[in-house]
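Trainee: Chains as they are written, first to last, in the working numbering: chain R, -18 to 97; chain B, 51 to 161.
Simulated from the structure, these hints should not be mistaken for lab results. For glycine and all other residues, C-beta sits at the position ideal for the given N, C-alpha and C. Each hint should be verified, as a subset may be incorrect.
[To be verified] Computed footprint of chain R on chain B; a stretch qualifies when at least three of its residues, placed anywhere within it, have a C-beta under 8 angstroms from a C-beta of chain R:
| # | segment |
| --- | --- |
| 1 | 69 to 80 |
| 2 | 110 to 118 |
| 3 | 150 to 159 |
[As the list claims (entries may be wrong)] Here are the computed distance ranges between Cβ atoms for each label pair:
| # | chain 1 | residue 1 | chain 2 | residue 2 | range |
| --- | --- | --- | --- | --- | --- |
| 4 | B | K160 | R | T(-12) | 36 to 42 angstroms |
| 5 | B | D58 | R | E39 | 40 to 46 angstroms |
| 6 | R | R44 | B | I110 | 33 to 39 angstroms |
| 7 | B | A51 | R | E(-16) | 28 to 34 angstroms |
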Amino acid sequence: DTEVTQTPKHLVMGMTNKKSLKCEQHMGHRAMYWYKQKAKKPPELMFVYSYEKLSINESVPSRFSPECPNSSLLNLHLHALQPEDSALYLCASSQVGEGDFYNEQFFGPGTRLTVL
Amino acid sequence: AQSVTQPDIHITVSEGASLELRCNYSYGATPYLFWYVQSPGQGLQLLLKYFSGDTLVQGIKGFEAEFKRSQSSFNLRKPSVHWSDAAEYFCAVGAWNDMRFGAGTRLTVKP
């Protein structure tokens, strides 16, 4: 299984709602990532988890709260978002470590988020 | 700091014509380089990657890329474009936990 899955595909939420995005992989990867992608822009890294521990937080506002409950799952909890947070949220996974084998990230199809 | 530049925001080619998408990188050591393709509203699909060895890399869907250290470039090529190749193409450089993407090149294919 060389797939990263993300649910839901689309999400519409109000600014007072609480929702969660889910990402899953069964490739045995120990690094998982959240990216945010605005229209016509490249993906921007938000968070990196390595061995289920948060290793990189790219100064993301606290209204985004990541969680990695186990090595296969990654969640992104959303609360009190703003309309400018509307974007495609991409999850990725990879092996951990230095060396040729470890550097490829596998991406999921993304969740299209709209904040009203 | 590592970075990637894709000089062309938008390219239009006729179906059946050849294609070259440019990518220039800045990286302190031996770079790990990637080309991804993204169709509208979809995730990123890896076309090819370069880690070391042969500087001409073959990928999926008939794409290839050539690593030129002297020019700090990793340009993507395809000899004959198909209408289904219309998409956004991203060049990326980096390690497993620090991947930097270029701004992307949007490819339009004319019938």
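Trainee: Compare the structure with each hint and give your call.
Mentor: Do the hints match the structure? See the list:
1. 69 to 80: Our answer is that it is violated, as 0 residues pass the Cβ test (under 8 angstroms) against chain R, missing three.
2. 110 to 118: Coverage by chain R is violated here, the residue count being 0 at a Cβ distance below 8 angstroms.
3. 150 to 159: holds (count 5)
4. K160(B) - T(-12)(R): 36 to 42 angstroms: holds (37 angstroms)
5. D58(B) - E39(R): 40 to 46 angstroms: violated (27 angstroms)
6. R44(R) - I110(B): 33 to 39 angstroms: Between R44(R) and I110(B), where Cβ atoms are some 38 angstroms apart, the hint holds.
7. A51(B) - E(-16)(R): 28 to 34 angstroms: holds (32 angstroms)
Of the hints listed earlier, those the structure fails to meet are numbers 1, 2, 5, in rising order.
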